[in-house]
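One-letter residues, chain by chain:
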Amino acid sequence: MSIVTVQLGQCGNQIGHEVFNAVCSDVLGKHGLCSKKEDESYQDACKERFFSEEKAGVPVARAVLIDMEPKVISKTLAVAARSGYWKYDDRSHFCQKQGSGNNWANGYSVHGPKHKDAIMNLVQKEAEKCDRLSGFVTIMSMAGGTGSGLGAFVTQCLRDAFPASFILNHIIWPYGTGEVIVQNYNSVLTLSHLYRSSDALLVHENDVVHKICAQLLNIKQISFRDVNQVIAHQLGSVFQPVYTAESALHYSRNPLGDLMETLVPHPEFKMLGLRNIPQMPENSLAYSTFSWPGLIKHLRQMLIANATMEEGIDWQVRPPCPGSSIPTRHSTSKPLHFNTSIANLVILRGKDMHSADIGSFQDPALYTSWLNPQDAFNLWKTPRAFNKYEKSAALVSNSQFLLKPLDKLVGKAWNMFASKAYIHQYTKYGIEEDNFLDSFTALEQVISSYATL
Amino acid sequence: VAVGQCGNQVGCRFWDLALREHAAVNKKGIYDEALSSFFRNVDTRSSGNGRDISKGKICSLKARALLIDMEEGVVNEILQGPLRDVFDSKQLITDVSGSGNNWAVGHKLYGCQYRENIVEKLRKTAEHCDCLQCFFIIHSMGGGTGSGLGTFVLNLLEDEFPEVYRFVTSVYPSGEDDVITSPYNSVLAMKELNEHADCVLPIENESLFDIVNKIQQMVNSGKLGSIVKQNSLVTSSASGTKAVQQKPFDAMNNIIANLLLNLTSSARFEGSLNMDLNEISMNLVPFPRLHYLVSSLTPLYTLADVNVPARRLDQMFSDAFSRDHQLIQADPKHSLYLACALLVRGNVQVSDLRRNIERLKPSLNFVSWNQEGWKTGLCSVPPVGHSHSLLALANNTCVKPTFMELKDRFMRLYKKKAHLHHYLHIDGMEQSCFSEAISSLSDLIEEYNELDATKNGPGIDPTRLKIAM
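Taken in sequence, the protein lines are chains A and B.
Add 51 to the 1-based position in the first sequence for our numbering, that's all there is to it.
Add 2 to the 1-based position in the second sequence for our numbering, that's all there is to it.
Just so you know, not all the hints are guaranteed correct.
If you anchor each label on the Cβ, the simulated ranges turn out as follows [as the list claims (entries may be wrong)]:
| no. | chain 1 | residue 1 | chain 2 | residue 2 | range |
| --- | --- | --- | --- | --- | --- |
| 1 | B | 97 | A | 272 | 50 to 58 Å |
| 2 | B | 97 | A | 164 | 40 to 48 Å |
| 3 | B | 177 | A | 499 | 20 to 28 Å |
| 4 | B | 470 | A | 335 | 46 to 54 Å |
| 5 | A | 439 | B | 222 | 55 to 63 Å |
| 6 | A | 165 | B | 119 | 57 to 65 Å |
| 7 | B | 208 | A | 331 | 50 to 58 Å |
Note that these hints are calculated values from the structure, not bench results.
As the structure is a computational prediction, the values presented were derived from the model and not from experiment.
Just so it is clear, CB atoms sit at the ideal spot from N, CA and C, and this is done for glycine as well.
Just need the whole structure built from these sequences, with the hints factored in.
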């Protein structure tokens, strides 16, 4: 089954491009470290999922590129075509000239309705190219105007037009300081709207990825390209073909459906975080050896201590003993706060993964009480190594990972809203104070739900 | 739209440097999107009206501009100079006698007289645009044409093109301005700017003068050695580097021209984090009337070599916040920031931006509801002659002193009713125009006062919404 990617705005298009690059180079690389048959299976599954065949030449990405200004899409199309390994469909993009001005209301209320038909036509065409459609992944940032506002509108349209398909929003959480001044408003409006129409929100935080680039990858002058490549690698580690428990003999055919089923048991809880291990500079790979017990141990501690990468993990944090009270929201300042999960998915890629013992992830103490721990944890795996890492493990977690960032974001937005700063820029396009209040209310509800896990 | 002597002299520098910048970037002579932001491509071979050519080789570039002046000298000089082919005769509106440094003559008399003509010419230039996003008005505040007719045009733009952004670059008179009535003209113009502009970039001649002198000193002292790029856009003018004259307007005007080029660079050229003009307005104007942005350009001194180590890069950021780099007499560091934008050009990455924001943040005061109020942009294409550059735009209460001084100078004249009769005998001018204008300015100053009062107060976060469980 295939995934159609909808790239929205500058961020969405820049990242989408890196994702297809990563996926393509993983498949073409000779680092599978598995049997030829396995490798071929993997390649076929990956190709069906992300690319359509063209009669002559390179695979064509199953993607729709949308932006309200032309420069980024031009560059993205050109660079992809130059690679010689894959390209975008030349007709599968939509742009305008004037941008959205970082204005969510402009993206949602003006550009959305105006360009709905043109955009949905393109999506329909891409969907029709798929033999079987698993669903849609949209890539967008929350901070700007197009990805956020138009992205929220398009997500709603996707939901209306494809009620049986899965929709995953991949969202970029902006840097805490300084990208866009109205980023907190745009984010609050985006998250509250997406929560209604989307199946799940998979989040990458710029601050976190930036730290990975600085501390794990030792990059001196970090560019957005570096950040985007890390994000693409992490997404690839989730969406490249795997065997699931139900689909043990052939690569799973329903990546998005499987993901939703394992991780989103309840519509109130849709926020997914992503962790990946190991991450290191490419030139160190040859000198490193990995063991599954080591990787799994680190990944589990990253989960329960809410660590964003494999360095600086707080090993003091332990799951609560049965019978002890779980820390409440007001004690988030306590250093030993334990990250409670609803559901977790671990993905192992590489040699001897069947020998890996993931029992520690099935400990009921990790999870909130209202789900059977058997249902709360799932394991996907493949012996085929990913992107030159002999062994790698990814964790997609529906847990309190994003509670603190969300709380901070809403706090800052509320603080600004109380002074009414910038509101005139939104009301100009029909987003009134009431709409803001609705969004704040919706998110306070989400925060409360996650906090009382 | 360049109005008046100052506006047109700055405009002339702008078009020269814009051509130079695009020539440096566009090696193949193909008319591209970047060029089309400022220029039309006209087929001059066919007789009569040249057709616009939207793609392919550059034939003849015409500036998307309107040149307005109520005396002919400046515009005529432009039309005889090297830029004569860049302007269409249909883009000019001139008269003979000037406005006599009288806002009322510019705004009421000539405004009325030339209204139809201006509207028609504006419409024509707008029709040539696929997607018109923004008008730039360049003028001075202290005279009669730029100030009066310039703000009349501002009004017209709002009426005729309400959806299009209006950015105004205004040169404010200095204390020792030799035009006695400049305070009247400026305050009358301010009211229009308050009410009809989306963003105003105030400039003061004193600041430009100081900056030009500083550059000259560095060049003469030989501190920069052999790495001074003679053809950098900051110091060059149409006829190569000039010796500093008594009124180095060309060098000063170059700075304003560079401001406009840097402001629009991310809209014209690609980069990893684009920043368009509508984003500037969105992020830097938290309340409609507080739309005055203090700008600074760096490096002006570092006419630098290609591989500049990180240390030098950080200096560029530090300088952007120092008082002697601002284009008005203001000290943003010791006042209150409502919002700040950093537009970087060249080989600068997001980590450089982040590092410098983290570094400089503690020494800056931001208003309580916008503690992390930074808007950033990264454009890959540096300005000609530099490897990187930074434009900082600040919505900061440090503009207040400029406005207060203006008010004081106005009041000194107004109290004695000095020169009022020159204004009041113009059709459409009444005493109320003056009282409304000074009232508008006072209100604006009061808004800045209220914000300043919050500066050292304890920031109490408003209570969050509570959800019933």
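Evaluation of the provided hints:
1. Between residue 97 (chain B) and residue 272 (chain A) the C-beta distance comes to about 55 Å, which sits within the given range of 50 to 58 Å.
2. The supplied range of 40 to 48 Å is met by residue 97 (chain B) and residue 164 (chain A), whose beta-carbon atoms lie about 47 Å from each other.
3. The hinted window of 20 to 28 Å between residue 177 (chain B) and residue 499 (chain A) is violated, with their beta carbons roughly 58 Å apart.
4. Range check, residue 470 (chain B) to residue 335 (chain A): about 53 Å between beta-carbon atoms, so the 46 to 54 Å window is met.
5. Between residue 439 (chain A) and residue 222 (chain B), the C-beta spacing of about 56 Å keeps the proposed range 55 to 63 Å intact.
6. The given range of 57 to 65 Å is broken by residue 165 (chain A) and residue 119 (chain B), whose C-beta atoms sit roughly 34 Å from each other.
7. For the hinted restraint 50 to 58 Å between residue 208 (chain B) and residue 331 (chain A), the CB-CB distance of approximately 55 Å keeps it satisfied.
Violated hints, listed in ascending order, are 3, 6; each of the other numbered hints is respected by the structure.
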